[in-house]
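S.K.: For the record, the sequence lines run as chains A and B.
Heads up: the first sequence at position 280 corresponds to 280 in the numbering used here, and the numbers run straight through without jumps.
Heads up: the second sequence at position 150 corresponds to 150 in the numbering used here, and the numbers run straight through without jumps.
I should point out that these hints are in silico values taken from the structure, not numbers from a laboratory.
Misleading hints may appear alongside valid ones.
Covered stretches of chain A, as calculated for chain B (at least 3 residues, CB under 8 Å) [stated by the list, open to error]:
(1) 24-33
(2) 103-115
Here are the in silico distance ranges between beta carbons for each label pair [unchecked claim]:
(3) B/P58 - A/L240: 56 to 62 Å
(4) B/S260 - A/D88: 55 to 61 Å
(5) B/E157 - A/H126: 35 to 41 Å
(6) A/D56 - B/K277: 50 to 56 Å
Quick reminder that beta carbons are idealized off the backbone N, C-alpha and C, glycines included.
Now for the letters of each chain:
There are 2 protein chains.
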Amino acid sequence: MISRIEEAIQKNLCSSSIVDKFPESLRSAIEYSVFPGGARIRPTILMSVAKACDDDIPDITDAAASALEMIHCASLVHDDLPCFDNGDTRRGKPTVHKAYGENTAVLAGDSLIINAFSCLALASRHSHSRVANLTLCLSKFSGFPNGICAGQGWENELNIDLKSYHMSKTGALFIAATQMGAISAGHDPDPWFELGARIGEAFQVADDLIDVLSDDKNSGKSVGQDEKNNRPNAIREFGLEGAKRHLQDILAGAISSIPSCPGEGELAQLVKMQAAKMMEINESKIIV
Amino acid sequence: MISRIEEAIQKNLCSSSIVDKFPESLRSAIEYSVFPGGARIRPTILMSVAKACDDDIPDITDAAASALEMIHCASLVHDDLPCFDNGDTRRGKPTVHKAYGENTAVLAGDSLIINAFSCLALASRHSHSRVANLTLCLSKFSGFPNGICAGQGWENELNIDLKSYHMSKTGALFIAATQMGAISAGHDPDPWFELGARIGEAFQVADDLIDVLSDDKNSGKSVGQDEKNNRPNAIREFGLEGAKRHLQDILAGAISSIPSCPGEGELAQLVKMQAAKMMEINESKIIV
Chain A
1 MISRIEEAIQ KNLCSSSIVD KFPESLRSAI EYSVFPGGAR IRPTILMSVA KACDDDIPDI
61 TDAAASALEM IHCASLVHDD LPCFDNGDTR RGKPTVHKAY GENTAVLAGD SLIINAFSCL
121 ALASRHSHSR VANLTLCLSK FSGFPNGICA GQGWENELNI DLKSYHMSKT GALFIAATQM
181 GAISAGHDPD PWFELGARIG EAFQVADDLI DVLSDDKNSG KSVGQDEKNN RPNAIREFGL
241 EGAKRHLQDI LAGAISSIPS CPGEGELAQL VKMQAAKMME INESKIIV
Chain B
1 MISRIEEAIQ KNLCSSSIVD KFPESLRSAI EYSVFPGGAR IRPTILMSVA KACDDDIPDI
61 TDAAASALEM IHCASLVHDD LPCFDNGDTR RGKPTVHKAY GENTAVLAGD SLIINAFSCL
121 ALASRHSHSR VANLTLCLSK FSGFPNGICA GQGWENELNI DLKSYHMSKT GALFIAATQM
181 GAISAGHDPD PWFELGARIG EAFQVADDLI DVLSDDKNSG KSVGQDEKNN RPNAIREFGL
241 EGAKRHLQDI LAGAISSIPS CPGEGELAQL VKMQAAKMME INESKIIV
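Isolated chain A, as found in the complex (with noise of 0.2 Å):
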């Protein structure tokens, strides 16, 4: 599936009209931002549930896919600039700020939004009416007042609510995973939004425990940053114990929510495996 993700995105990431002159420190800073990938992990969840909903437009699932991993890119350039969380690495290299300076930061981050749309809308000619459906579910989940800008919004006010702030921050991006899915392959969104909240949740208290316990050869990115910028963690809240039993309980809820569809336990399989995984390398972080 990883081959798959690469080549959607490789071909979706400029899909507008080629133009003979282009400022080429921005071109170098976009696909900078998106190459080498992570683990790639917000596409692989939409394209796996589109495949256990019989991914009938295999066009427009690459399409999706392609848009949710460029705005999660998007978010992380922007997320590291000085004004955020001044990050020094990501993903085992220097952050798109400090590779190309803060202004072409900006402009990438913008760029790869505004592409991630138009991905999209190119896709339309396959279904109009699926495609609109992605574009506001991509949209409520990365914009405000419910998607990652409200989420890193919450870091700026004095009284956070901290189920609006992971559910927006970190969760967001899932939901809009699982439920794009479903709508790439023409199916009902609404039943797949508590995969998709589980598994992000999952996701923060993972991370929460990758910003304690590992250092930053190992996470790929600047660690201990929840501290230093005394934002709220899963450890704080439960200690290192609770925290991981807490996110034991919750793995075990996102495998019991998958709707019935025709791929559920091959589906159900793979978020098992991811599960371990996860739980493998929070105790792997230990040791380090």
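Chain B: place on chain A using the hints.
M.R.: What follows is chain B alone, placed relative to chain A:
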């Protein structure tokens, strides 16, 4: 027309589902970025073209005009950031990052870009195909390699291609305005390219004149930026009188490029009035 534009933007700004809890400072910064507006010139052009083409589905025209203005406002917020123009004032009040902080300004811009596309998607129930074409047009002239992101990106290049730079930095959203006006009313956008490109060119020259001749108080934003940032400017290229003659020629060309359509005569009158106003502003700025 201005009240139709203001109502449309107000309705479309946060059109996704209402949630109980959201980060208040980000909501406030988004509103601050859009209201009170400037001249709303891009949505005015869009609506004027749509009306000249019969404006048969006003809800689509309203969504298109709002989306275009949101993208424009987002670009102002991001362009004012310290890593770009580092502007202190915009539309006669502190820039968004001065009023709300840099990270909220980045998020407000991101949210506006995303909401622009969601407001288009919400209009697709009126016509899926028009909205798909509007989305493609808006993304083309906003992103990379053709849009305003590319335009800003040129400023980081050692060798600027001046024609591409002006076309994408200023021309792009004016071309989007005329073409989106035509698409909103179900017309072919191609014949409307020329009018948008020429209006954009005229605004670029007018803006260059303002930057050189005005002071902060009269223009409502920080002036003298081109000289400060060593950017290309029509006065540097043609001299003061040459730039003014150039502006007049472009405006005459704009009027003669208006495609045949039901409201052709009225539209020509409107462009003539705008042109006269533009020349006047530049005359008065010379006295200032």
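S.K.: For every hint, state whether the structure bears it out.
M.R.: For each hint, the structure was consulted:
no. : hint                        : verdict
1   : 24-33                       : holds (count 5)
2   : 103-115                     : holds (count 10)
3   : B/P58 - A/L240: 56 to 62 Å  : holds, 59 Å
4   : B/S260 - A/D88: 55 to 61 Å  : holds, 58 Å
5   : B/E157 - A/H126: 35 to 41 Å : holds, 37 Å
6   : A/D56 - B/K277: 50 to 56 Å  : holds, 55 Å
In this structure, every one of the numbered hints holds.
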